[in-house]
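Use the sequences and the hints to build the structure in full.
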Amino acid sequence: MFATRGMSGRGNPAAAAAAAGDEGEDTAEELLARVTGMVPAAVSAATAAAGFPGRWKAIAAKLGTLPARLSDLSSHPCFARNALCRELLQSVAATLTDAVELAARSPGAGKLQTQSAIDALGARLDVNLRDCALLVRTGVLSDASAAPLMSMAPAAAQADVRELLARLQIGQSEAKGRAVDGLLDALERDEKGVVSALGRANVAALVQLLTAPAPAVREKAAAVVCRLAESGSCDALLVSEGALAPLIRLADCGLAGREKAVLALHRLSASPDVARAIACHGGARPLIEICRTGDSVSQSAAAGALKNLSAVPEAVHALADEGIVRVMVTLLDHGTLLGSKEHAADCLENLTSSSDSFRLAVASDGGLRSLLDYLDAPSPQESAVRALGNIVCAVSPDTLVSLGVLPRLAHVLRVGSTGAQQAAASAVCKISGSGGKDMKRHVGEHGCVALLVRMLDAKSGGAREAAAQALASLAGHPGNAREVRMDERGVPSLVQLLDPSPANTAKKYAIACLLALSSAKRCKRMMISHGAIGYLKKLTDMEVIGARDLLERLEERGKLRSIFSKNN
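Under UniProt numbering, think of the first position of the sequence shown as 1, with each following residue one higher.
FYI, nobody ran anything at the bench for these hints, they're computed from the structure.
One or more of the hints may lead you astray.
Here are the simulated lysine-lysine pairs, DSS-like style, with alpha carbons at most 27 Å apart [to be verified]:
id	residue 1	residue 2
1	508	538
2	524	538
3	537	521
4	111	57
As C-alpha coordinates, then:
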(Lines of atoms letter the chains of each structure in order from A and count residues from 1; the text may use other names and numbers.)
(Lines give C-alpha, C1' and ligand atoms only; values in the text may rest on other atoms or scores of the structure.)
Protein backbone atom coordinates (compact mmCIF):
# COMPACT_ATOMS: atom_id res chain seq x y z
CA MET A 1 0.00 0.00 0.00
CA PHE A 2 1.04 3.60 -0.57
CA ALA A 3 0.35 4.80 2.98
CA THR A 4 -0.40 3.21 6.33
CA ARG A 5 -4.05 3.23 7.35
CA GLY A 6 -3.52 5.59 10.26
CA MET A 7 -6.10 6.12 13.03
CA SER A 8 -9.08 4.54 11.30
CA GLY A 9 -7.13 1.40 10.41
CA ARG A 10 -6.10 0.85 14.01
CA GLY A 11 -8.88 2.40 16.08
CA ASN A 12 -12.05 2.20 13.97
CA PRO A 13 -11.79 -0.28 11.09
CA ALA A 14 -15.56 -0.34 10.64
CA ALA A 15 -15.67 3.37 9.91
CA ALA A 16 -12.83 3.04 7.44
CA ALA A 17 -14.56 0.23 5.61
CA ALA A 18 -17.82 2.17 5.50
CA ALA A 19 -16.09 5.24 4.11
CA ALA A 20 -13.88 3.51 1.59
CA GLY A 21 -16.31 0.81 0.56
CA ASP A 22 -15.40 -2.74 -0.30
CA GLU A 23 -12.17 -1.76 -2.06
CA GLY A 24 -11.19 -5.35 -2.76
CA GLU A 25 -14.14 -5.67 -5.21
CA ASP A 26 -14.20 -2.19 -6.78
CA THR A 27 -12.60 -1.43 -10.13
CA ALA A 28 -10.17 1.47 -10.47
CA GLU A 29 -12.96 3.65 -11.95
CA GLU A 30 -15.31 2.82 -9.09
CA LEU A 31 -12.58 3.58 -6.54
CA LEU A 32 -11.89 6.89 -8.26
CA ALA A 33 -15.57 7.86 -8.12
CA ARG A 34 -15.78 6.86 -4.46
CA VAL A 35 -12.63 8.80 -3.49
CA THR A 36 -13.69 11.86 -5.48
CA GLY A 37 -17.01 11.80 -3.65
CA MET A 38 -15.24 11.69 -0.27
CA VAL A 39 -13.24 14.89 -0.90
CA PRO A 40 -16.03 17.48 -0.25
CA ALA A 41 -16.92 15.92 3.10
CA ALA A 42 -13.25 15.89 4.12
CA VAL A 43 -12.82 19.56 3.12
CA SER A 44 -15.94 20.52 5.01
CA ALA A 45 -14.81 18.62 8.12
CA ALA A 46 -11.36 20.24 8.04
CA THR A 47 -12.86 23.71 7.62
CA ALA A 48 -15.25 23.20 10.55
CA ALA A 49 -12.72 21.51 12.87
CA ALA A 50 -12.29 23.12 16.28
CA GLY A 51 -8.81 23.97 17.53
CA PHE A 52 -5.54 24.43 15.67
CA PRO A 53 -7.12 26.62 12.97
CA GLY A 54 -3.86 27.23 11.12
CA ARG A 55 -3.10 23.55 10.74
CA TRP A 56 -6.64 22.67 9.66
CA LYS A 57 -6.68 25.51 7.15
CA ALA A 58 -3.50 24.13 5.56
CA ILE A 59 -5.01 20.63 5.41
CA ALA A 60 -8.24 21.99 3.86
CA ALA A 61 -6.18 23.75 1.17
CA LYS A 62 -4.31 20.54 0.33
CA LEU A 63 -7.55 18.58 0.19
CA GLY A 64 -8.87 21.17 -2.24
CA THR A 65 -6.06 20.40 -4.72
CA LEU A 66 -6.70 16.66 -4.61
CA PRO A 67 -9.49 16.46 -7.28
CA ALA A 68 -7.20 18.05 -9.91
CA ARG A 69 -4.41 15.58 -9.11
CA LEU A 70 -6.82 12.64 -9.31
CA SER A 71 -8.12 13.95 -12.62
CA ASP A 72 -4.58 14.02 -14.04
CA LEU A 73 -4.09 10.45 -12.90
CA SER A 74 -7.38 9.16 -14.29
CA SER A 75 -6.84 10.83 -17.67
CA HIS A 76 -3.89 8.55 -18.41
CA PRO A 77 -4.84 5.88 -21.00
CA CYS A 78 -3.53 3.06 -18.81
CA PHE A 79 -5.16 4.27 -15.58
CA ALA A 80 -7.57 1.36 -15.24
CA ARG A 81 -5.01 -1.35 -16.00
CA ASN A 82 -2.24 -0.69 -13.50
CA ALA A 83 -2.19 -1.95 -9.93
CA LEU A 84 -0.34 1.16 -8.71
CA CYS A 85 -3.35 3.37 -9.48
CA ARG A 86 -5.65 1.17 -7.46
CA GLU A 87 -3.26 1.09 -4.51
CA LEU A 88 -2.89 4.86 -4.58
CA LEU A 89 -6.65 5.38 -4.53
CA GLN A 90 -6.99 3.02 -1.59
CA SER A 91 -4.32 5.01 0.25
CA VAL A 92 -6.08 8.31 -0.52
CA ALA A 93 -9.38 6.86 0.70
CA ALA A 94 -7.77 5.90 4.01
CA THR A 95 -6.30 9.40 4.38
CA LEU A 96 -9.68 11.06 3.73
CA THR A 97 -11.41 8.77 6.22
CA ASP A 98 -8.85 9.64 8.87
CA ALA A 99 -9.20 13.35 8.10
CA VAL A 100 -12.95 13.26 8.75
CA GLU A 101 -12.50 11.25 11.94
CA LEU A 102 -9.73 13.46 13.31
CA ALA A 103 -11.63 16.70 12.53
CA ALA A 104 -14.56 15.46 14.60
CA ARG A 105 -12.47 14.97 17.72
CA SER A 106 -12.83 17.33 20.66
CA PRO A 107 -9.67 19.45 20.93
CA GLY A 108 -9.92 19.60 24.73
CA ALA A 109 -8.56 16.15 25.54
CA GLY A 110 -5.05 15.12 24.56
CA LYS A 111 -4.09 18.42 22.97
CA LEU A 112 -0.50 17.46 22.21
CA GLN A 113 -1.58 14.10 20.90
CA THR A 114 -4.16 15.71 18.64
CA GLN A 115 -1.65 18.23 17.36
CA SER A 116 0.77 15.41 16.51
CA ALA A 117 -2.00 13.49 14.75
CA ILE A 118 -2.91 16.53 12.64
CA ASP A 119 0.72 16.95 11.60
CA ALA A 120 0.93 13.27 10.69
CA LEU A 121 -2.25 13.59 8.64
CA GLY A 122 -0.78 16.54 6.77
CA ALA A 123 2.35 14.55 6.01
CA ARG A 124 0.31 11.63 4.66
CA LEU A 125 -1.69 13.97 2.50
CA ASP A 126 1.54 15.45 1.12
CA VAL A 127 2.68 11.95 0.22
CA ASN A 128 -0.61 11.20 -1.57
CA LEU A 129 -0.44 14.41 -3.59
CA ARG A 130 3.20 13.85 -4.48
CA ASP A 131 2.53 10.24 -5.48
CA CYS A 132 -0.26 11.25 -7.85
CA ALA A 133 2.19 13.48 -9.73
CA LEU A 134 5.02 10.96 -9.64
CA LEU A 135 2.88 8.11 -10.90
CA VAL A 136 2.13 10.02 -14.07
CA ARG A 137 5.62 11.44 -14.47
CA THR A 138 7.58 8.17 -14.10
CA GLY A 139 5.93 6.60 -17.14
CA VAL A 140 5.29 3.34 -15.31
CA LEU A 141 1.58 3.53 -16.08
CA SER A 142 2.32 2.90 -19.75
CA ASP A 143 3.68 -0.56 -18.90
CA ALA A 144 0.37 -1.73 -17.39
CA SER A 145 2.04 -5.00 -16.46
CA ALA A 146 0.09 -7.76 -14.82
CA ALA A 147 2.87 -10.37 -15.28
CA PRO A 148 4.79 -11.58 -12.22
CA LEU A 149 8.57 -11.11 -12.04
CA MET A 150 9.06 -14.85 -12.55
CA SER A 151 7.50 -14.57 -16.02
CA MET A 152 9.71 -15.78 -18.81
CA ALA A 153 8.50 -12.97 -21.11
CA PRO A 154 11.28 -10.33 -21.23
CA ALA A 155 8.86 -7.46 -21.90
CA ALA A 156 6.68 -8.37 -18.93
CA ALA A 157 9.68 -8.75 -16.63
CA GLN A 158 11.07 -5.40 -17.77
CA ALA A 159 7.71 -3.72 -17.14
CA ASP A 160 7.58 -5.23 -13.67
CA VAL A 161 11.10 -3.91 -12.95
CA ARG A 162 9.97 -0.43 -13.97
CA GLU A 163 7.03 -0.75 -11.60
CA LEU A 164 9.39 -1.72 -8.77
CA LEU A 165 11.60 1.25 -9.58
CA ALA A 166 8.56 3.54 -9.53
CA ARG A 167 7.56 2.18 -6.14
CA LEU A 168 10.89 3.37 -4.76
CA GLN A 169 9.61 6.91 -5.21
CA ILE A 170 5.96 6.43 -4.25
CA GLY A 171 4.32 5.69 -0.92
CA GLN A 172 5.44 5.41 2.67
CA SER A 173 8.67 3.91 3.97
CA GLU A 174 7.19 0.48 4.57
CA ALA A 175 5.90 0.20 0.98
CA LYS A 176 9.27 1.39 -0.35
CA GLY A 177 10.95 -1.29 1.74
CA ARG A 178 8.85 -3.94 0.01
CA ALA A 179 9.82 -2.44 -3.34
CA VAL A 180 13.49 -2.73 -2.41
CA ASP A 181 12.91 -6.40 -1.53
CA GLY A 182 11.50 -6.95 -5.00
CA LEU A 183 14.38 -5.06 -6.55
CA LEU A 184 16.92 -7.26 -4.77
CA ASP A 185 15.15 -10.33 -6.16
CA ALA A 186 15.17 -8.77 -9.62
CA LEU A 187 18.90 -8.07 -9.37
CA GLU A 188 19.50 -11.72 -8.54
CA ARG A 189 17.58 -12.84 -11.62
CA ASP A 190 18.56 -10.23 -14.17
CA GLU A 191 21.10 -7.66 -13.00
CA LYS A 192 21.72 -6.26 -16.48
CA GLY A 193 17.99 -5.77 -17.04
CA VAL A 194 17.58 -3.84 -13.81
CA VAL A 195 20.62 -1.68 -14.47
CA SER A 196 19.42 -0.87 -17.99
CA ALA A 197 16.04 0.25 -16.61
CA LEU A 198 17.54 2.55 -13.98
CA GLY A 199 17.07 6.28 -14.35
CA ARG A 200 18.35 9.24 -12.39
CA ALA A 201 15.12 9.55 -10.42
CA ASN A 202 15.26 5.88 -9.40
CA VAL A 203 18.83 6.21 -8.16
CA ALA A 204 17.94 9.40 -6.30
CA ALA A 205 15.08 7.56 -4.58
CA LEU A 206 17.42 4.74 -3.58
CA VAL A 207 19.91 7.23 -2.15
CA GLN A 208 17.13 8.84 -0.10
CA LEU A 209 16.26 5.43 1.35
CA LEU A 210 19.80 5.18 2.75
CA THR A 211 18.63 7.68 5.38
CA ALA A 212 15.15 6.17 5.91
CA PRO A 213 13.93 6.10 9.55
CA ALA A 214 13.40 2.34 9.48
CA PRO A 215 16.69 0.40 9.95
CA ALA A 216 15.42 -2.47 7.80
CA VAL A 217 14.75 -0.15 4.87
CA ARG A 218 18.19 1.46 5.22
CA GLU A 219 19.83 -1.95 5.23
CA LYS A 220 17.96 -3.13 2.13
CA ALA A 221 18.68 0.12 0.29
CA ALA A 222 22.38 -0.22 1.15
CA ALA A 223 22.31 -3.77 -0.24
CA VAL A 224 20.86 -2.54 -3.55
CA VAL A 225 23.34 0.35 -3.78
CA CYS A 226 26.18 -2.08 -3.03
CA ARG A 227 24.99 -4.42 -5.77
CA LEU A 228 24.74 -1.55 -8.25
CA ALA A 229 28.22 -0.34 -7.30
CA GLU A 230 29.62 -3.83 -7.79
CA SER A 231 28.05 -3.97 -11.26
CA GLY A 232 30.36 -1.12 -12.29
CA SER A 233 27.62 0.43 -14.44
CA CYS A 234 26.11 2.99 -12.10
CA ASP A 235 29.08 4.64 -10.39
CA ALA A 236 28.58 8.06 -11.96
CA LEU A 237 24.84 8.09 -11.19
CA LEU A 238 25.32 6.98 -7.59
CA VAL A 239 27.93 9.66 -6.96
CA SER A 240 26.08 12.44 -8.76
CA GLU A 241 22.91 11.67 -6.82
CA GLY A 242 24.74 12.06 -3.50
CA ALA A 243 25.25 8.46 -2.40
CA LEU A 244 28.64 9.06 -0.76
CA ALA A 245 27.50 11.08 2.27
CA PRO A 246 24.78 8.63 3.44
CA LEU A 247 27.05 5.65 2.78
CA ILE A 248 29.74 7.24 4.94
CA ARG A 249 27.13 7.97 7.61
CA LEU A 250 26.01 4.33 7.62
CA ALA A 251 29.63 3.22 7.90
CA ASP A 252 30.24 5.70 10.71
CA CYS A 253 27.23 5.02 12.89
CA GLY A 254 27.39 1.25 12.94
CA LEU A 255 23.71 1.12 11.96
CA ALA A 256 21.92 -1.40 9.82
CA GLY A 257 23.51 -1.60 6.40
CA ARG A 258 27.03 -0.82 7.59
CA GLU A 259 28.68 -3.78 5.90
CA LYS A 260 27.00 -3.12 2.53
CA ALA A 261 27.80 0.58 2.81
CA VAL A 262 31.50 -0.14 3.31
CA LEU A 263 31.51 -2.63 0.44
CA ALA A 264 29.95 0.03 -1.79
CA LEU A 265 32.53 2.63 -0.70
CA HIS A 266 35.31 0.18 -1.50
CA ARG A 267 34.00 -0.36 -5.00
CA LEU A 268 33.26 3.30 -5.71
CA SER A 269 36.59 4.51 -4.34
CA ALA A 270 38.42 2.72 -7.16
CA SER A 271 37.93 5.99 -9.05
CA PRO A 272 40.49 8.59 -7.88
CA ASP A 273 37.89 11.35 -8.13
CA VAL A 274 35.48 9.41 -5.92
CA ALA A 275 38.27 8.51 -3.48
CA ARG A 276 39.08 12.22 -3.22
CA ALA A 277 35.40 13.00 -2.61
CA ILE A 278 35.15 10.34 0.11
CA ALA A 279 38.08 11.95 1.91
CA CYS A 280 36.47 15.39 1.55
CA HIS A 281 33.22 14.02 3.05
CA GLY A 282 35.11 12.83 6.14
CA GLY A 283 35.18 9.19 5.12
CA ALA A 284 38.71 8.47 6.35
CA ARG A 285 37.83 8.34 10.05
CA PRO A 286 34.95 5.82 9.92
CA LEU A 287 36.86 3.58 7.50
CA ILE A 288 39.89 3.55 9.79
CA GLU A 289 37.68 2.87 12.81
CA ILE A 290 36.14 -0.13 11.03
CA CYS A 291 39.65 -1.47 10.40
CA ARG A 292 40.19 -1.25 14.16
CA THR A 293 36.93 -2.75 15.39
CA GLY A 294 34.83 -4.08 12.51
CA ASP A 295 33.97 -7.64 11.57
CA SER A 296 36.23 -9.37 9.08
CA VAL A 297 34.15 -8.61 5.96
CA SER A 298 33.71 -4.92 6.79
CA GLN A 299 37.34 -4.69 7.87
CA SER A 300 38.59 -6.03 4.55
CA ALA A 301 36.32 -3.70 2.55
CA ALA A 302 37.33 -0.70 4.66
CA ALA A 303 41.01 -1.53 4.16
CA GLY A 304 40.40 -1.76 0.42
CA ALA A 305 38.75 1.66 0.40
CA LEU A 306 41.62 3.12 2.41
CA LYS A 307 44.08 1.62 -0.05
CA ASN A 308 42.27 3.54 -2.79
CA LEU A 309 42.24 6.75 -0.73
CA SER A 310 45.96 6.43 0.02
CA ALA A 311 46.70 6.61 -3.71
CA VAL A 312 45.16 10.10 -3.90
CA PRO A 313 47.56 12.86 -2.74
CA GLU A 314 44.72 15.08 -1.52
CA ALA A 315 43.50 12.36 0.86
CA VAL A 316 46.83 11.46 2.43
CA HIS A 317 46.79 14.26 5.01
CA ALA A 318 43.38 13.19 6.30
CA LEU A 319 44.62 9.60 6.60
CA ALA A 320 47.68 10.70 8.55
CA ASP A 321 45.55 12.68 11.00
CA GLU A 322 43.49 9.56 11.75
CA GLY A 323 46.53 7.37 12.51
CA ILE A 324 46.34 5.15 9.46
CA VAL A 325 49.91 3.84 9.70
CA ARG A 326 49.43 2.12 13.04
CA VAL A 327 46.11 0.65 11.89
CA MET A 328 47.54 -0.74 8.65
CA VAL A 329 50.54 -2.25 10.41
CA THR A 330 48.21 -3.96 12.88
CA LEU A 331 46.03 -5.22 10.04
CA LEU A 332 49.10 -6.55 8.25
CA ASP A 333 49.91 -8.54 11.40
CA HIS A 334 46.44 -9.70 12.41
CA GLY A 335 44.07 -9.39 9.43
CA THR A 336 41.94 -12.50 9.13
CA LEU A 337 39.90 -12.37 5.95
CA LEU A 338 41.57 -12.98 2.61
CA GLY A 339 42.28 -9.57 1.22
CA SER A 340 42.73 -7.66 4.49
CA LYS A 341 46.50 -8.13 4.63
CA GLU A 342 46.83 -7.50 0.90
CA HIS A 343 44.93 -4.22 1.15
CA ALA A 344 47.05 -3.19 4.14
CA ALA A 345 50.26 -3.89 2.21
CA ASP A 346 48.97 -1.93 -0.79
CA CYS A 347 48.06 0.97 1.48
CA LEU A 348 51.49 1.00 3.13
CA GLU A 349 53.11 0.97 -0.29
CA ASN A 350 51.09 4.02 -1.35
CA LEU A 351 51.80 5.86 1.89
CA THR A 352 55.54 5.17 1.90
CA SER A 353 55.73 6.33 -1.71
CA SER A 354 54.32 9.73 -0.79
CA SER A 355 56.73 11.18 1.79
CA ASP A 356 59.66 10.64 4.16
CA SER A 357 57.37 11.25 7.13
CA PHE A 358 55.31 8.18 6.26
CA ARG A 359 58.44 6.10 5.68
CA LEU A 360 59.72 7.05 9.13
CA ALA A 361 56.30 6.48 10.69
CA VAL A 362 56.01 2.97 9.25
CA ALA A 363 59.52 2.11 10.42
CA SER A 364 58.95 3.50 13.93
CA ASP A 365 55.54 1.81 14.30
CA GLY A 366 56.97 -1.65 13.68
CA GLY A 367 55.95 -1.71 10.04
CA LEU A 368 59.32 -2.91 8.80
CA ARG A 369 59.22 -6.07 10.91
CA SER A 370 55.57 -6.66 9.91
CA LEU A 371 56.43 -6.36 6.22
CA LEU A 372 59.35 -8.76 6.64
CA ASP A 373 57.12 -11.33 8.36
CA TYR A 374 54.60 -10.96 5.57
CA LEU A 375 57.32 -11.58 2.97
CA ASP A 376 58.00 -15.02 4.44
CA ALA A 377 54.88 -16.25 2.62
CA PRO A 378 55.40 -18.77 -0.22
CA SER A 379 54.27 -16.13 -2.75
CA PRO A 380 55.41 -12.72 -1.46
CA GLN A 381 53.11 -9.86 -2.45
CA GLU A 382 54.57 -7.33 -4.84
CA SER A 383 53.20 -4.26 -3.01
CA ALA A 384 54.73 -5.39 0.28
CA VAL A 385 58.14 -5.68 -1.39
CA ARG A 386 57.76 -2.20 -2.85
CA ALA A 387 56.75 -0.83 0.54
CA LEU A 388 59.84 -2.42 2.03
CA GLY A 389 61.94 -0.87 -0.72
CA ASN A 390 60.46 2.55 0.09
CA ILE A 391 61.38 2.21 3.77
CA VAL A 392 64.94 0.85 3.58
CA CYS A 393 66.49 4.25 2.94
CA ALA A 394 64.92 5.56 6.15
CA VAL A 395 66.54 2.83 8.28
CA SER A 396 70.16 2.41 9.31
CA PRO A 397 72.22 -0.34 7.64
CA ASP A 398 72.75 -2.04 10.99
CA THR A 399 69.00 -2.25 11.52
CA LEU A 400 68.50 -3.73 8.08
CA VAL A 401 71.06 -6.43 8.83
CA SER A 402 69.78 -7.16 12.33
CA LEU A 403 66.16 -7.51 11.19
CA GLY A 404 67.09 -9.91 8.39
CA VAL A 405 66.05 -7.75 5.45
CA LEU A 406 68.57 -9.27 3.04
CA PRO A 407 67.53 -12.92 3.47
CA ARG A 408 63.90 -11.87 2.85
CA LEU A 409 64.84 -10.02 -0.33
CA ALA A 410 66.87 -13.03 -1.51
CA HIS A 411 63.77 -15.17 -0.83
CA VAL A 412 61.66 -12.88 -3.02
CA LEU A 413 64.26 -12.90 -5.79
CA ARG A 414 64.18 -16.69 -5.66
CA VAL A 415 60.43 -17.47 -5.52
CA GLY A 416 58.52 -14.24 -6.10
CA SER A 417 56.45 -13.24 -9.11
CA THR A 418 58.12 -11.15 -11.80
CA GLY A 419 56.69 -7.99 -10.28
CA ALA A 420 57.82 -8.93 -6.78
CA GLN A 421 61.30 -9.80 -8.06
CA GLN A 422 61.52 -6.45 -9.81
CA ALA A 423 60.54 -4.68 -6.57
CA ALA A 424 63.11 -6.74 -4.63
CA ALA A 425 65.84 -5.87 -7.12
CA SER A 426 65.00 -2.18 -6.73
CA ALA A 427 65.19 -2.55 -2.94
CA VAL A 428 68.58 -4.26 -3.21
CA CYS A 429 69.82 -1.39 -5.37
CA LYS A 430 68.70 1.17 -2.80
CA ILE A 431 70.32 -0.74 0.06
CA SER A 432 73.61 -1.26 -1.73
CA GLY A 433 73.71 2.35 -2.87
CA SER A 434 73.15 3.84 0.58
CA GLY A 435 74.98 1.40 2.79
CA GLY A 436 78.52 1.56 1.43
CA LYS A 437 80.89 -1.30 0.64
CA ASP A 438 79.99 -3.26 3.75
CA MET A 439 76.36 -3.40 2.73
CA LYS A 440 77.31 -4.39 -0.83
CA ARG A 441 79.32 -7.22 0.69
CA HIS A 442 76.39 -8.30 2.90
CA VAL A 443 74.08 -8.38 -0.12
CA GLY A 444 76.52 -10.57 -2.01
CA GLU A 445 76.93 -12.92 0.94
CA HIS A 446 73.19 -13.58 0.97
CA GLY A 447 73.21 -14.91 -2.60
CA CYS A 448 71.55 -11.97 -4.28
CA VAL A 449 74.11 -11.59 -7.08
CA ALA A 450 73.42 -14.94 -8.74
CA LEU A 451 69.66 -14.36 -8.46
CA LEU A 452 69.98 -10.94 -10.06
CA VAL A 453 72.05 -12.37 -12.90
CA ARG A 454 69.25 -14.84 -13.57
CA MET A 455 66.82 -11.92 -13.74
CA LEU A 456 68.79 -10.35 -16.62
CA ASP A 457 67.04 -12.84 -18.91
CA ALA A 458 63.52 -12.08 -17.61
CA LYS A 459 60.74 -11.47 -20.14
CA SER A 460 59.78 -8.22 -18.44
CA GLY A 461 61.82 -5.19 -19.48
CA GLY A 462 61.23 -3.62 -16.08
CA ALA A 463 62.63 -6.68 -14.32
CA ARG A 464 65.72 -6.71 -16.54
CA GLU A 465 66.31 -3.02 -15.91
CA ALA A 466 65.95 -3.40 -12.12
CA ALA A 467 68.36 -6.35 -12.08
CA ALA A 468 70.96 -4.54 -14.21
CA GLN A 469 70.73 -1.44 -12.03
CA ALA A 470 71.19 -3.49 -8.87
CA LEU A 471 74.16 -5.37 -10.33
CA ALA A 472 75.77 -2.11 -11.48
CA SER A 473 75.63 -0.91 -7.88
CA LEU A 474 76.78 -4.19 -6.36
CA ALA A 475 79.70 -4.60 -8.80
CA GLY A 476 81.49 -1.83 -6.93
CA HIS A 477 82.53 -4.52 -4.42
CA PRO A 478 85.28 -6.80 -5.81
CA GLY A 479 83.68 -9.97 -4.50
CA ASN A 480 80.38 -9.23 -6.24
CA ALA A 481 82.13 -8.28 -9.48
CA ARG A 482 84.04 -11.55 -9.36
CA GLU A 483 80.79 -13.49 -8.89
CA VAL A 484 79.20 -11.83 -11.93
CA ARG A 485 82.26 -12.59 -14.06
CA MET A 486 82.31 -16.23 -12.92
CA ASP A 487 78.62 -16.78 -13.64
CA GLU A 488 78.31 -18.29 -17.12
CA ARG A 489 75.28 -16.12 -17.86
CA GLY A 490 76.63 -12.91 -16.28
CA VAL A 491 78.61 -11.22 -19.07
CA PRO A 492 76.60 -12.68 -22.01
CA SER A 493 73.30 -11.48 -20.52
CA LEU A 494 74.72 -8.02 -19.80
CA VAL A 495 76.00 -7.76 -23.37
CA GLN A 496 72.54 -8.66 -24.68
CA LEU A 497 71.22 -5.71 -22.70
CA LEU A 498 73.37 -3.38 -24.82
CA ASP A 499 70.72 -3.71 -27.53
CA PRO A 500 70.19 -0.10 -28.71
CA SER A 501 66.43 -0.45 -29.35
CA PRO A 502 64.26 2.14 -27.54
CA ALA A 503 62.32 -0.63 -25.79
CA ASN A 504 65.50 -1.71 -23.97
CA THR A 505 65.63 0.58 -20.93
CA ALA A 506 68.35 -1.44 -19.20
CA LYS A 507 71.23 -0.56 -21.54
CA LYS A 508 72.70 2.29 -19.48
CA TYR A 509 72.85 0.05 -16.37
CA ALA A 510 74.34 -2.80 -18.40
CA ILE A 511 77.09 -0.41 -19.57
CA ALA A 512 77.79 0.68 -15.98
CA CYS A 513 78.04 -2.93 -14.81
CA LEU A 514 80.27 -3.98 -17.71
CA LEU A 515 82.54 -1.02 -17.03
CA ALA A 516 82.98 -2.30 -13.47
CA LEU A 517 83.83 -5.76 -14.82
CA SER A 518 86.13 -4.67 -17.68
CA SER A 519 89.33 -4.55 -15.63
CA ALA A 520 89.71 -8.32 -16.18
CA LYS A 521 91.17 -9.29 -19.57
CA ARG A 522 89.18 -12.53 -19.69
CA CYS A 523 86.01 -10.58 -19.12
CA LYS A 524 86.84 -8.10 -21.92
CA ARG A 525 87.46 -10.97 -24.33
CA MET A 526 84.09 -12.46 -23.40
CA MET A 527 82.36 -9.14 -24.01
CA ILE A 528 83.96 -8.86 -27.45
CA SER A 529 83.13 -12.44 -28.38
CA HIS A 530 79.44 -11.83 -27.62
CA GLY A 531 79.25 -8.76 -29.87
CA ALA A 532 79.64 -5.91 -27.40
CA ILE A 533 81.67 -3.71 -29.80
CA GLY A 534 78.93 -3.62 -32.43
CA TYR A 535 76.34 -2.63 -29.84
CA LEU A 536 78.62 -0.02 -28.26
CA LYS A 537 79.35 1.70 -31.57
CA LYS A 538 75.64 2.26 -32.07
CA LEU A 539 75.22 3.40 -28.47
CA THR A 540 78.18 5.77 -28.83
CA ASP A 541 76.51 7.35 -31.86
CA MET A 542 73.37 7.69 -29.72
CA GLU A 543 75.48 9.38 -27.02
CA VAL A 544 74.43 6.94 -24.31
CA ILE A 545 76.38 7.65 -21.13
CA GLY A 546 79.37 5.35 -20.63
CA ALA A 547 79.16 3.72 -24.06
CA ARG A 548 82.24 5.50 -25.45
CA ASP A 549 84.33 4.70 -22.34
CA LEU A 550 83.49 1.01 -22.49
CA LEU A 551 84.10 0.86 -26.24
CA GLU A 552 87.53 2.44 -25.82
CA ARG A 553 88.44 -0.05 -23.11
CA LEU A 554 87.48 -2.94 -25.30
CA GLU A 555 89.39 -1.56 -28.29
CA GLU A 556 92.24 -0.33 -26.05
CA ARG A 557 92.09 3.05 -27.78
CA GLY A 558 92.15 4.89 -24.53
CA LYS A 559 95.60 3.55 -23.70
CA LEU A 560 97.01 4.42 -27.12
CA ARG A 561 95.64 7.93 -26.97
CA SER A 562 97.26 8.37 -23.59
CA ILE A 563 100.67 7.35 -25.00
CA PHE A 564 100.37 9.70 -28.01
CA SER A 565 99.35 12.52 -25.72
CA LYS A 566 102.47 12.08 -23.55
CA ASN A 567 104.77 11.94 -26.60
CA ASN A 568 103.33 15.18 -27.92
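For which of the previously enumerated hints does the structure constitute a violation, in increasing order of number? Violated hints: none; all satisfied.
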